[in-house]
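Participant: Here are the chains, one letter per residue:
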Amino acid sequence: MNHSVEANTMTSNSFVKSLSTLKSIVWGSASQLRSMYLIFMHTFRKRDTLLYPEEKVQLSARYRGRIVLTRDPDGEERCVACNLCAVSCPVGCISLQKAERDDGRWYPEFFRINFSRCIFCGMCEEACPTNAIQLTPDFEMAEYDRQNLVYEKEHLLIDGVGKYHDYNFYRVSGMAIAGKPKGSAQNEAQPIDVRGLMP
Amino acid sequence: MSLETNLPSFITPDIFLILVGMFKAVVILLATLIFAGFLSFVERRVLALWQDRYGPNRVGPFGIFQFVADVIKLFFKEDWTPPFADKLTFWLAPVIAMSALLVSFAIVPITPTWGVRDMHIGILFFLAMAGISVYAVLFAGWSSNNKYSLLGGMRSAAQTVSYEVFMGISLMGVVALAGSFNIRDIVAAQQDGWFVFPQFVGFVTFFIAGVAVAHRTPFDLPEAESELAAGYHTEYSGMKWVMFFISEYVGLVLVSAITVTVFFGGWHPPAAFGYQLFPVIMNYIPAVVWFMLKTCFFILVFILLRGALPRPRYDQVMAAGWKVCLPLTLFNLLLTGIWILVYEPLSGS
Chain A
1 MNHSVEANTM TSNSFVKSLS TLKSIVWGSA SQLRSMYLIF MHTFRKRDTL
51 LYPEEKVQLS ARYRGRIVLT RDPDGEERCV ACNLCAVSCP VGCISLQKAE
101 RDDGRWYPEF FRINFSRCIF CGMCEEACPT NAIQLTPDFE MAEYDRQNLV
151 YEKEHLLIDG VGKYHDYNFY RVSGMAIAGK PKGSAQNEAQ PIDVRGLMP
Chain B
1001 MSLETNLPSF ITPDIFLILV GMFKAVVILL ATLIFAGFLS FVERRVLALW
1051 QDRYGPNRVG PFGIFQFVAD VIKLFFKEDW TPPFADKLTF WLAPVIAMSA
1101 LLVSFAIVPI TPTWGVRDMH IGILFFLAMA GISVYAVLFA GWSSNNKYSL
1151 LGGMRSAAQT VSYEVFMGIS LMGVVALAGS FNIRDIVAAQ QDGWFVFPQF
1201 VGFVTFFIAG VAVAHRTPFD LPEAESELAA GYHTEYSGMK WVMFFISEYV
1251 GLVLVSAITV TVFFGGWHPP AAFGYQLFPV IMNYIPAVVW FMLKTCFFIL
1301 VFILLRGALP RPRYDQVMAA GWKVCLPLTL FNLLLTGIWI LVYEPLSGS
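Residue numbers (my numbering), protein chains in the order written: chain A, 1 to 199; chain B, 1001 to 1349.
These are computed hints drawn from the structure, not numbers from a lab.
There's no promise every hint is true.
To be verified - The calculated label-pair distances, taken between Cβ atoms and stated as ranges, are: (1) L22(A) with V1280(B): 51 to 61 Å; (2) L59(A) with E1078(B): 38 to 48 Å; (3) V1342(B) with L22(A): 21 to 31 Å; (4) V1289(B) with R47(A): 45 to 55 Å; (5) L22(A) with D1192(B): 30 to 40 Å; (6) V26(A) with D1052(B): 24 to 34 Å; (7) D48(A) with E1078(B): 31 to 41 Å; (8) R1117(B) with V26(A): 19 to 29 Å.
Claimed, not checked - Straight-line alpha carbon distances no greater than 25 Å define the calculated DSS-like cross-link-like pairs of lysine-lysine that follow: (9) K1323(B) with K17(A); (10) K153(A) with K163(A); (11) K23(A) with K98(A); (12) K56(A) with K163(A); (13) K98(A) with K153(A); (14) K23(A) with K1323(B).
As the list claims (entries may be wrong) - Derived, one-sided and incomplete: chain B residues facing chain A with beta-carbon distance under 8 Å: (15) L1049; (16) W1050; (17) R1053; (18) Y1054; (19) V1242; (20) L1305; (21) G1307; (22) A1308; (23) L1309.
Backbone N, C-alpha and C define an ideal beta-carbon position, used for all residues, glycine too.
Could you put the whole structure together from the sequences, leaning on the hints where they help?
Facilitator: Printed below as a string of structure tokens:
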């Protein structure tokens, strides 16, 4: 009796096992056919590719692309050649030389960005105290000759104000230039006469 | 007789027939090769369609000259044999890959009048050539002297022993029903009903084996580019690599063509169990169109398979081959035998 019971459970166990194998085979095949059907239905989907040269890419206003040097609202160069951009640049692709105009304004004698090194990180823009250097949403800068990727000031300087329409460094800073002595900037008090008696 | 009177005297009727046969063989060879080359473009476009991309669409209208550009590029590639490779085997492998599958085309009947060779062992010849083409992968994997290539070759061997057995048996049901190994006889036997209906299990298992023969994606374990660099042809470049590349597409066309001739009635319009579908209209469509349409359909199914299914591990392939497909095909052959015994005993004699 005992033996037959054991044999019975064994056969029923193997029967259940083979049934579950069969089920997994059928289920697996159905699942594969379903994924083939799902992929086939992509025939009627819209394609994700943007045909780039014909269709232009929509870039955000804050996209970090080609670097420009902007002018203040009066049309003068904003850059005061402080070298902070060159210092902050992690790859050291900016080089410039300070010069001074007759009216006392500082300006870069030359301003050079080597775009074959530039990583478009935007650190120069963050470091710039006069909002002069700015990154623009433009990336179409490919060149056949590597040397053409070195941009000089004449290539970098634009006629507009860029992202900051009203900012003029010499109007808000205390630096004295011809026609704007100390104390005449916006929100600037007259300089204290340290030799005076009044508090 | 009017044809032969205009010909030079040394062209006897026999030689004329031989020349016609050779002409047909060359045409079929060239058509197959060009079609296989063109498939490399078609596959990329179709695969791109199913992956919501465009694929190569720049060279010529819809990019149809992409494969011409590819061929020009490949001809000028450096053909480099690594110094550590086993020279003879390394050179032999691509030749086998290319020729074994191309030679198999000799047995494919395209229309009642077109075809290279009418062989009475047709299906066996195909199985033999499919077996030989595996040597290409084994040789390439071994002779490259590179662990990725060797792994690819090893996987190919593991895969081969598991699919070749049931591939042969899956075709035997059809052979039993048609009573012949000759593919032309098999096609002729499908005039009134495609063999896919009585031999559905045979079709499914043969199709699975066919994917493995062509080294197509669900079973592309020998090249598995995400795991083994390029698998068995990692060390190949230039024209030798092209031969492997083209042979993959030749295999694709070959397996599709064999599936069509054996299970889907070759050049015959749709028919099942003695009933033809719209016999009046369908018979107006030429035989060659039927054959081409069906072959292209299966090629597209193969590409869809590549787009849809992931690659299994090779122990899974072996398990599926030995534990599922082989019993299924044996069961199918047994049922077919019983059916023949009960309904048409002694039909072959």
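Participant: Hinted pair, alpha-carbon criterion (25 Å max): K98(A), K153(A). Please report holds or violated.
Facilitator: 13 Å, holds
Participant: Identify whether the interface hint at A1308(B) stands, where standing means a beta carbon of chain A within less than 8 Å of its own.
Facilitator: 4 Å, holds
Participant: Tell me if the interface restraint on L1305(B) is satisfied: Cβ within less than 8 Å of some Cβ in chain A.
Facilitator: 7 Å, holds
Participant: Does G1307(B) hold up as a contact with chain A if the rule is Cβ-Cβ below 8 Å?
Facilitator: Where the cut-off is 8 Å and the nearest Cβ of chain A is about 5 Å from G1307(B), the hint holds.
Participant: Holds or violated: are the alpha carbons of K23(A) and K1323(B) at most 25 Å from each other?
Facilitator: Roughly 14 Å between the alpha carbons, so the hint for K23(A) and K1323(B) holds.
Participant: Does the hinted range 21 to 31 Å hold for V1342(B) and L22(A) at CB?
Facilitator: 26 Å, holds
Participant: Does the alpha-carbon distance linking K56(A) and K163(A) stay inside the 25 Å limit?
Facilitator: 22 Å, holds
Participant: Hint validation: Y1054(B) versus chain A, beta carbon distance must be below 8 Å. Holds or violated?
Facilitator: Cβ of Y1054(B) sits 5 Å from chain A, so the hint holds.
Participant: Could you grab the alpha-carbon distance between K23(A) and K98(A) and see if it respects the 25 Å cut-off?
Facilitator: Since the Cα atoms of K23(A) and K98(A) sit roughly 80 Å apart, the hinted pair is violated (cutoff 25 Å).
Participant: Verify the CB-CB distance for L59(A) and E1078(B) against the hinted window 38 to 48 Å.
Facilitator: Because 41 Å falls inside the window, the suggested range holds.
Participant: Confirm or reject the claim that D48(A) and E1078(B) have a C-beta distance inside 31 to 41 Å.
Facilitator: 36 Å, holds
Participant: Is the hinted range of 19 to 29 Å satisfied by the C-beta distance from R1117(B) to V26(A)?
Facilitator: Check failed, 41 Å falls outside 19 to 29 Å.
This entry does not satisfy hints 1, 4, 8, 11 and 19, going by the numbered hints stated previously.
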